[in-house]
Amino acid sequence: MGLTYQSTGKLATREIFNVPASIRQPVVALAGNPNTGKSTVFNALTGLRQHTGNWPGKTVLQAKGSYIHDGRKYTLVDLPGTYSLLANSVEEEVARDFICFARPDATVTVVDATCLERNLNLVLQVMEITDKVIVCVNLIDEARRKNIRIDSDKLSERLGVPVVTTAARSGEGLSRLLDVISDVVFGRVQPKPRLVRYTPEVEEAIARLEPGIRALVGGEINARWVALRLLDGDIKLGHSLEIFCNRREPVRAAREVLV
Amino acid sequence: MSTRTILGDLMEEAKNIVGPRQDQVRDSVVKSIFQAAENIAGEVVSCSSPGRANWDRKIDNIITSPVWGFPSMFGLLAVVFWVTLSGANVPSAILAEGLFWIEDRLTDLFAALHAPAWLHGFLVLGVYRSLAWVVSVMLPPMAIFFPLFTLLEDSGYLPRVAFNLDRFFKKAGAHGKQALTMSMGFGCNAAGVVACRIIESPRERLIATLTNNFVPCNGRFPTLIALATIFVGGSVAVFPGSAMATLAVAGLVVFGIAVTLLVSWVLSRTLLRGEPSSFTLEMPPYRKPQVGRVIVRSVLDRTMFVLARAAVVAAPAGGFIWLLANARIGGTSALAIIAGWLDPLAGCMGLDGFILLAFILGLPANEIVLPILIMGYVCGGAMTELNSLADLRQLLVDRHGWTWLTALCTMLFSLCHWPCGTTLLTIYKEQRNWRWTVAAALIPTAVGVVVCMVVNNLVRTLDWV
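Top to bottom, those sequences are chains A and B.
Note that the UniProt record's numbering has the first sequence beginning at 1, numbered continuously upward.
Note that the UniProt record's numbering has the second sequence beginning at 1, numbered continuously upward.
Hints should not be assumed to be uniformly reliable.
Among chain B residues calculated to face chain A with C-beta under 10 Å, some are [claimed, not checked]: (1) R4; (2) M11; (3) A14; (4) I17; (5) R26; (6) I40; (7) G156; (8) P285; (9) Q290; (10) V291; (11) D391.
To spell it out: a stretch of chain A is covered by chain B in this simulated footprint if at least three of its residues, at any positions, have a beta carbon under 8 Å from a beta carbon of chain B; those stretches are [what the hints assert, rightly or not]: (12) 173-184; (13) 228-240.
Source of the hints: derived by calculation from the structure; they are not laboratory data.
Just so it is clear, the structure is predicted and the values come from calculations on it, not from any experiment.
All C-beta atoms in this analysis are idealised placements derived from N, C-alpha and C, irrespective of residue type, glycine included.
Using the sequences and the accompanying hints, generate a full structural model.
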């Protein structure tokens, strides 16, 4: 319904994939299941008016905005809502490729406090791609109304990444979220994700593939995760990787010139 | 060694390790992730009582029930239209009065400056007048309809609509999420077309794209509402009258949905054959909409955006129409000559040449169809001021011989004709295929021509007019 400036795609960014972002300003990605309030968080942080609505799949485009925190400008990218990152759909592919190849300086995974379990599936998958994850437990007000309590310290400990509870609609918790984002972006806090351990069979297979992958992609992309994807027969990722590896050299050169 | 060969080797190796157990590996991976999520959630979440969750379920049991689902949906639709219709009349009249008062002052100003008649005609009677019409006819219904629709969207009602309509779309060989993209089309078909991205399967996405235009967008609602008010509800907005007009508009919308399903069905059996894919649609919890913000945002963002777009198109179009209407070729205006060419076809469809011409010239934006029509009618003869719907009724019925059949055919054609320029452009951008873009224009137009011809000839044969 909202044929607004944002939704018609003027702000949708494809170029961002090609921008060596950390040279300029920190890039923060917003991931999460559909309908967890990602766009509300996005709007609250950027002051933009990305169309929000209570139905899953509303953010069909990836929206980009920016905000200033402590005198520093951050770029915020609102990824399409997905239940997983297995690239079953275009949205999942977009979200995954962005986290993997655009390598945001922090990825905030927004989860719905009222159905944490299902949302954690995505968090666990995001953590496999990048260390720099922050979990934003949103809709905490709704959870309170439903008498659902979440032990955020324990959650943080179990996941190994910072957890912030928010109610984005009323602005609750957002300033802390901004602080935590900057902590992660500038390395004051270094998340140490506790990854899912798979069955011995799968783990063994990962271990066999990992060295070869690391030699190819270097430290920029998580080799363990790539190994897992290859074991899953993910051909699309293979293509994206090829493009990434071929482009890396020119980008690196550009970086050296610019820095 | 090149990247490609290294990658190829790695993928080959992965394949060898997994062997024929590809599915098992995936299952095992997914299972491990789910297990981990379950364990963590079990440790950190505590829930003292189910509380409100039951309340959600109770509402869902009613509005998605096989028995009450449809009546409640139709009822809600009718309420939204009724509020829009009856609420828009008064502000519309006030706006029209104010804007036409300004027109008179502008005329005085031009006279005082001894400006040439053609300049006054072009700028004031052409550009300004069509702008004034677009604003006074469109703004009030939009300013009411958009917030109401956004409230429904915010509360979580839309996915329930999709749930209710799912079996119909499935029977039509289309995707259940098409109900969502269709709903977005009520606001703006271009937005509806963009929303089609939520449908993964290209075949079903194309069906949803091609049929999105069958629900009236905000540019067409004012036309429908104005005509329904004049011809169904009488010219005065008293309760029974506006209730009837509401039912007429709601009926048209239901007809549009029926056409959507029918065309989807035909497409999925001819050009776009295939099985409907299954999908899961999460029913989000009901959330209390942020009423204040919804109203401010939907008025400022959507209403003003759509209005600005309409105005940008209406201003030059108004000037152009004025030129057409006043350029005399052998004593007749160019507009009348073109309308004359269109008359035979339009006549078969229960319209007249001016109406069809207004639709054609309204290609850039549907909002300007009615203003163009009025200008075409008015410019031909003596100038009249149109301050209210009563004046409009007089113009249409007394001067140009409209009957309820003309109004009905106009409304039907408004519902089923080519999408506006913006929507077509959006379809092209989304599909990257000009053939489907042309199809998106031809299919609704063909449907509209056929429907209008059938209705017109049926009614005339039965001697109802």
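How the hints compare with the structure:
1. R4: This hint holds: R4 (chain B) lies near chain A, its Cβ roughly 6 Å from the closest one there, short of 10 Å.
2. M11: The hint holds - M11 (chain B) has a Cβ within 10 Å of chain A, the shortest such distance being about 6 Å.
3. A14: Result: holds, 4 Å to nearest chain A Cβ.
4. I17: Given a least distance of 5 Å, the restraint on I17 (chain B) holds.
5. R26: 5 Å, holds
6. I40: This interface hint holds because 5 Å falls under the 10 Å limit.
7. G156: 4 Å, holds
8. P285: 7 Å, holds
9. Q290: 6 Å, holds
10. V291: Check failed: Cβ of V291 (chain B) comes no nearer than 12 Å to chain A, outside 10 Å.
11. D391: 32 Å, violated
12. 173-184: Coverage by chain B is violated here, the residue count being 0 at a Cβ distance below 8 Å.
13. 228-240: It holds, with 7 qualifying residues against the three required.
Consistency with the previously given hints fails for numbers 10, 11, 12, ordered from lowest to highest.
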